[in-house]
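Protein chains in written order, with our numbering: chain S, 3 to 483; chain A, 3 to 483; chain X, 3 to 483; chain V, 3 to 483.
FYI, nobody ran anything at the bench for these hints, they're computed from the structure. The reader is advised that the hints may include incorrect statements.
Pairs count within a copy or across copies, as identical chains cannot be separated in the list.
[Stated by the list, open to error] Below, computed lysine to aspartate or glutamate pairings styled on DMTMM-like, alpha-carbon distance capped at 20 Å:
#1 Lys71 <-> Glu83
#2 Lys477 <-> Asp272
#3 Lys477 <-> Glu177
#4 Lys354 <-> Glu83
#5 Lys278 <-> Glu211
#6 Lys180 <-> Asp266
#7 Lys413 <-> Glu424
#8 Lys400 <-> Asp35
#9 Lys412 <-> Glu483
#10 Lys156 <-> Glu424
#11 Lys214 <-> Asp168
#12 Lys180 <-> Glu227
#13 Lys71 <-> Glu143
#14 Lys156 <-> Glu288
#15 Lys71 <-> Glu56
#16 Lys354 <-> Asp121
#17 Lys71 <-> Asp84
#18 Lys214 <-> Glu13
#19 Lys214 <-> Glu288
#20 Lys478 <-> Asp420
#21 Lys477 <-> Glu424
There are 4 protein chains.
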Amino acid sequence: MTMMTAEQYEESLRRLNLVVYMFGKRVENVVDDPIIRPSMNAVAKTYELAHRPEHEDIMTATSHITGNKINRFTHIHQSIEDLVKKSKMGRLLGRETGCCFQRCVGMDALNALSIVCFDIDAKHGTEYYKRFVKYLEYVQENDFTVDGAMTDPKGDRSLPPHKQPDPDQFMHVVEEKKDGIVVRGAKAHQTGAVNSHEIIIMPTLSMREEDKDYAISFALPSDAEGITYIMGRQSCDTRKLEGGAMDQGNLLFGGHEALVVFDDVFVPWDRVFMFKEYEFSRQLVEQFAAYHRQSYACKVGVGDVLIGAAQTAAEYNGVEKASHIRDKIVEMNHLNETLYCGCIACASEGHKEASGTYCVNILLANVHKHNVTRFPYEISRLAQDIAGGLMVTLPSEKDLQSPETAKWLKKYFEANHDIPTEHRMHILRLIENLTLGTAATNYLTESMHGAGSPQAQRIMISRRINMQEKQRAAKKLCGIE
Amino acid sequence: MTMMTAEQYEESLRRLNLVVYMFGKRVENVVDDPIIRPSMNAVAKTYELAHRPEHEDIMTATSHITGNKINRFTHIHQSIEDLVKKSKMGRLLGRETGCCFQRCVGMDALNALSIVCFDIDAKHGTEYYKRFVKYLEYVQENDFTVDGAMTDPKGDRSLPPHKQPDPDQFMHVVEEKKDGIVVRGAKAHQTGAVNSHEIIIMPTLSMREEDKDYAISFALPSDAEGITYIMGRQSCDTRKLEGGAMDQGNLLFGGHEALVVFDDVFVPWDRVFMFKEYEFSRQLVEQFAAYHRQSYACKVGVGDVLIGAAQTAAEYNGVEKASHIRDKIVEMNHLNETLYCGCIACASEGHKEASGTYCVNILLANVHKHNVTRFPYEISRLAQDIAGGLMVTLPSEKDLQSPETAKWLKKYFEANHDIPTEHRMHILRLIENLTLGTAATNYLTESMHGAGSPQAQRIMISRRINMQEKQRAAKKLCGIE
Amino acid sequence: MTMMTAEQYEESLRRLNLVVYMFGKRVENVVDDPIIRPSMNAVAKTYELAHRPEHEDIMTATSHITGNKINRFTHIHQSIEDLVKKSKMGRLLGRETGCCFQRCVGMDALNALSIVCFDIDAKHGTEYYKRFVKYLEYVQENDFTVDGAMTDPKGDRSLPPHKQPDPDQFMHVVEEKKDGIVVRGAKAHQTGAVNSHEIIIMPTLSMREEDKDYAISFALPSDAEGITYIMGRQSCDTRKLEGGAMDQGNLLFGGHEALVVFDDVFVPWDRVFMFKEYEFSRQLVEQFAAYHRQSYACKVGVGDVLIGAAQTAAEYNGVEKASHIRDKIVEMNHLNETLYCGCIACASEGHKEASGTYCVNILLANVHKHNVTRFPYEISRLAQDIAGGLMVTLPSEKDLQSPETAKWLKKYFEANHDIPTEHRMHILRLIENLTLGTAATNYLTESMHGAGSPQAQRIMISRRINMQEKQRAAKKLCGIE
Amino acid sequence: MTMMTAEQYEESLRRLNLVVYMFGKRVENVVDDPIIRPSMNAVAKTYELAHRPEHEDIMTATSHITGNKINRFTHIHQSIEDLVKKSKMGRLLGRETGCCFQRCVGMDALNALSIVCFDIDAKHGTEYYKRFVKYLEYVQENDFTVDGAMTDPKGDRSLPPHKQPDPDQFMHVVEEKKDGIVVRGAKAHQTGAVNSHEIIIMPTLSMREEDKDYAISFALPSDAEGITYIMGRQSCDTRKLEGGAMDQGNLLFGGHEALVVFDDVFVPWDRVFMFKEYEFSRQLVEQFAAYHRQSYACKVGVGDVLIGAAQTAAEYNGVEKASHIRDKIVEMNHLNETLYCGCIACASEGHKEASGTYCVNILLANVHKHNVTRFPYEISRLAQDIAGGLMVTLPSEKDLQSPETAKWLKKYFEANHDIPTEHRMHILRLIENLTLGTAATNYLTESMHGAGSPQAQRIMISRRINMQEKQRAAKKLCGIE
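Same shape as in the complex, but just chain S (with noise of 0.2 Å):
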């Protein structure tokens, strides 16, 4: 099998011992948790598509190792166009399930370390890509849904790693064994966490020669022994509880995070990618981060829905056709397909490492993803003009069945005779759902903080940025020589 169907896949979550809590107790069942099982659903559609004929040239790829088809979630990209077709990817998964599909953040985790091991080995004679390589063809053969780990607590934000109060705020050896290394610490934020087979950890910032015990990358089983999951809470999340069909917007997919705790947890030397190689963790974050940038192209697709669901709103309260409703598509549209540009740009203009994988262009990573911290709220916030003050007024949808109350409401709420009110009431949830419910968690504030806070990539717009250049063409236009 080289590839999953979406019911291998939810088969195979269900043969994963995970330690699991969530509201202060342990999630026995946690496929038919009722809160996670959407964000599963979600991942299972990067499945579902892969066998799809349409989408079988974005969703799929060819193993450069073994020559299989596989899904492109797990393949090395191999050239320009596969760049592309992962920001397409992004696209497709995102308009398709309208949030966080979770499982992209492993794909740039094994083509950041496809990189970063073969030039590890260039200078130290190290065997790290050949292990990563062995790896890879596990992960790609099994078809398995990786979350890739990068963000530490951190701690005192004053204070390097080493100079920790408490030693375990940065993930760190605490045992170097014969067979493999002991590991301690947290990883915050770990978005499809519990919808993962693997997880494959990766320092959260440049380390100097003092953190080198921190400076370590490693994959390890979703449930390896001493792994520890607490389930992030969500806004809206309990609405998922309530058994309906409407107040929670999107039906169908929802997305998760988690904290997860490494209580030492023992990793096995043929899993180990990096071993305090410490000058090699900054070209590891800024890769990782450049891809995963590049990632944010999901937002787009999520953007599609949001538009549709306005476009939808308009007709449904019967103003589709105001000159100001349309402008306001049209801003909507122009905003996000800038964010389109800036993930097809960053992939068009990628390169070759010596691995011979091919990465993004950084500087143009890093601006794209930067705009995704700003658009997703503007284009929320004309969705909410557009939707009307009753997305936030409404009442729940049991009172749609409530005889008492079903007869105002479906008198009242009718604003266009050939629309059933259910229907206004369904796609104004969805918006409530984008904008300020769970799938606001992820099209907003994970725009803002996933990859990376904006003011990262200000320091790496900054960095990469060739000033003498400019300025050489400035000073020659008047005069300074």
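Using the hints, position chains A, X and V against chain S.
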């Protein structure tokens, strides 16, 4: 009793016999319902602060009818100073409650009627103003909270009231009796409806002669027979049912909106303030809207809370000295104070109407509100930037109480050793509340649509600008005579 | 004579013996120089309008010293109403001149000194205030235009005055005599310098004890011995030399800035208002700056002209009814009136100082000015959008006079048969003037840097915000005690 | 000769016999006219760089007709790579000239015609494509600069061509002869017109059958009998006449626009590429516009110059390390690179047309250009912020040469002892040039209106978005079937 205490206010609500539905069921005890109660608390704050010496100047006024000291929310503005104090009262209460305190809408309705009743009488020789003043005295002496209800469901937006397939889409008179009238219709998005003793109905738009049955204004006790309230739901509303002390963000206050249905309700003549004088409907709409757009002074106060929360989060995160954080805090304040300028300027540039009531500058009130449809979204975006991603990945407070997870949360979410981790969680939940949760529906979406959607303000700006004067000046300077 | 006419003002300037250089040459006749004269015309407007009954209320005041009716530009604000009228006077003159009328800076200097002299005396028992009042009476009785000069060249920005390699980079005292002092230094960017009778010097930043020789304030006749003026040039300045009646855009008015050099100039003691009381330099800077930031009320008036021009251009282009054009006009007005709110609010929220002078609210004055560094640029961008590309591709007015080309211009630039093509050209030249030409240097760049650059306002906003109050409110709401 | 040198280009222009008017007079020597020459220099740069080995890949291509190496400006795009290189060529030349280099418009006309001629033939069995290819070869072999002329004067904007009171407001055929046609009309805003050897005329908008006489496209030598050029003037144009070496800002390059009048000009049939096939006019307009909107890649290069100038000014002012300055530089770069993403993405997402020509993605080309109507204004605003007010108060360079004033300028405008004061003045003049002067007309106003005004792009965005797909996705997610 001219001014109730908060406790008296709560007791007075218990005496009402409101018909309220929520989640498909009748709410038996409105005052103590955990979802509604925080909104009652917010209104109660308007009573409490009126008794505090340090706020007396802002919160109270002297009735121009009785000479008694009254709560400013029942006052008719007698000077520019009164108008300015109204804006300051809004900011004060916004800051103290962090939400919508609901009581301004009745004050705005009373003030608008105090002008329009007088003007109708002047033209038609009617006695509305006398009726109104008597009613006003009743409200002032009882220190009532009044709901001012303007927004009709509106049905097909392309048709005027009298052409609607369902004539009830706009509130109208269905029977004219000797002792009063019978009305039918509904008012949507009614802020604070179930916390009110009285409700004042106004037409929702400018009416023409054909629509004169819809050109009506009147007041009713909130529990008059035939009135039904259907509560709207808000993002994260059910967190208030969880019984905790953290995850709802704002532990004390909230807001609510309801659909209010009038199913053949009788109104005695002495509570009718406009009856088919359709040519005054536009004035009533515009002046009420102008007053109410001024009332968005409250969002400056809510902005204060969000800025204070963001600054606190930055300190708890240990990053408050980073130059980009400081700059974002300045930007938030700059935008918030720009809003403050708007609500002060429209008051300061107010004028006296024929009835003696002072009215805000209508152009500037619209300009102010129009900025309120924009800046809170940007302030909110910046708050999310400063807060960090943890705001949307934070586990529940129950995880902080469970021994299996509490140890990890306390260990890994500590960023500043001097600050209990719980405090960091509290402040992030408040930011979540204001930017995604129950308060976001007010700070963002209601800022967009309350007192009229953005396009309504643009139309008013267009109408109130003296373009000829500007064109005259331009032509003169460039030599076009 | 307490109030000069425009003609008397012009004559009074002819009596001055200023040393002015422009284009490397001494300007013999300053008043009639074609580049300078439009700026003189703009100042003259401040005299002319003071005699017009319809503007009397705004343009004049009653001296609190003599009780005489005086031009408001020489008045010390005695009430909130005075402060508000000052903002309205700025808008009025901005609208009537379409440029910088230069006279506010002296008014702001006089008002700031009226506070600080009083406060220094209160601390040190000095007699500055008496001196100042005598000087003020002299200015009021003669209706002088006064240049208020604050900005020093500043040399190396990283060093305080006393550490500068060249001590003259900040104005300082070089000799102390029995009858006065000798000063040396320069003041840059002096608006309206050569149209002024007097010049008041103030320190440019907060000084410490080591810099006390730089903590000086004094007044001089503008033609005192040792003062040299070097005129700055503006975009399109030489169009005024072309002798036409169209291409300069604004045919009547303009502004100017000059570098003013003080080469060992003697100042008698009765014109010295601060002498080494360095601890008051910060107050003087902040209060002058606040008054002067309020003065950017003028840009609202210039905005009126630009909006009027854009509307006229749209009509001449035949596109004024297009929905996007109307919407852009609304946006321009919205931004312009938002600026108006700022200058009104900082006045309306003013307060009385110990000397009896009313001072604006310093926080809001900074907020106002900060918006002035942004909105005129967007208004200008929208004006260019509405104007169309012809604004920058229009042939010269000489082409309209030449028979070989005039026929083509008249034929092909006609867009509306009822409007002479010349009119279309006139209005486009005015928009060019305001967005690229001589007036753009004032409407845009001076809006950015005049009365302090944006960062100066951000620092003041940061200082004047009560963050503790906001944090207290936030913590209380989320349960942090 | 397939590729001219810059010198050959200049000589070739001397052989033209153009009828050019400026300031009401015939320009006898166009090439050496001091106002026009900088624009010729900019075009010459497109010849010069084509001979530089380091730019060969970008600046040259292989003709698909002859197989010869040609200047890319005469090339028909044969691949995605060609499209991407076109964008890079634009940025390169923008950076090297700091202005509009004018030659892209002809390239865009040639490429659009290469598609449309082919498509007309396919439908009508005509021979336009053969004619066109022959003409193309002539252009390639002679390495001509071609003006692509689309914009008609348009007269009354509410009327189609055939209803205009003056039929010449749109270019039309006035006589049909055996050997060709006679045309009359004008084209406005023609960039680089008098630096061109050839001019290609295209219709300005989508035509209907009644307008078929206006649905014409053809090419003419720029000095064909009956063509008259009337030069437009630019902000600060006459600084080029002052004979200095500083105040014009950009000492080397500039741009120009002209009104081009066609007074019954004869066009032989072999130069006619569309003749009354009105149903193809919309395609020609949209494809030419799309190519030309891509061409605004050049503004990224001009942005590079302005960013380089701002950074240099900051260094010369001694403030480059201030955090707010660094942040503004990042923002300028971020906006500029966002523009770059647009011109790369629309190329990278291009496609092959029936004729074999590659065309850009039309939606994304419009999105790109639409951002160009916004971001340069903000980049310009930030540049003025960083430059400081001295940019608009700087005395003339003659003041730097006069002994009486030079001493003061050198003394008081020194901010950094290691930098000659002249250098500081030079760089500020360049920023003035780009934000207010001759280059601002291109960097700002032409960015707004060139290749279509903002509203034109919004209409195209509206047309090219697949809204149904977005609505389908939204409805599915919220349960509307």
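Going through the hints against the structure:
| no. | hint | verdict |
| --- | --- | --- |
| 1 | Lys71 <-> Glu83 | within (16 Å within a copy, 28 Å between copies) |
| 2 | Lys477 <-> Asp272 | neither (55 Å within a copy, 47 Å between copies) |
| 3 | Lys477 <-> Glu177 | neither (57 Å within a copy, 43 Å between copies) |
| 4 | Lys354 <-> Glu83 | both (12 Å within a copy, 17 Å between copies) |
| 5 | Lys278 <-> Glu211 | within (8 Å within a copy, 54 Å between copies) |
| 6 | Lys180 <-> Asp266 | within (16 Å within a copy, 83 Å between copies) |
| 7 | Lys413 <-> Glu424 | within (11 Å within a copy, 47 Å between copies) |
| 8 | Lys400 <-> Asp35 | between (22 Å within a copy, 17 Å between copies) |
| 9 | Lys412 <-> Glu483 | between (76 Å within a copy, 19 Å between copies) |
| 10 | Lys156 <-> Glu424 | between (47 Å within a copy, 17 Å between copies) |
| 11 | Lys214 <-> Asp168 | within (16 Å within a copy, 50 Å between copies) |
| 12 | Lys180 <-> Glu227 | within (19 Å within a copy, 82 Å between copies) |
| 13 | Lys71 <-> Glu143 | within (10 Å within a copy, 49 Å between copies) |
| 14 | Lys156 <-> Glu288 | within (18 Å within a copy, 41 Å between copies) |
| 15 | Lys71 <-> Glu56 | within (16 Å within a copy, 41 Å between copies) |
| 16 | Lys354 <-> Asp121 | within (13 Å within a copy, 39 Å between copies) |
| 17 | Lys71 <-> Asp84 | within (14 Å within a copy, 31 Å between copies) |
| 18 | Lys214 <-> Glu13 | neither (40 Å within a copy, 66 Å between copies) |
| 19 | Lys214 <-> Glu288 | within (18 Å within a copy, 51 Å between copies) |
| 20 | Lys478 <-> Asp420 | between (66 Å within a copy, 19 Å between copies) |
| 21 | Lys477 <-> Glu424 | between (64 Å within a copy, 12 Å between copies) |
Hints 2, 3, 18 from the earlier list are contradicted by this structure; the remaining hints agree with it.
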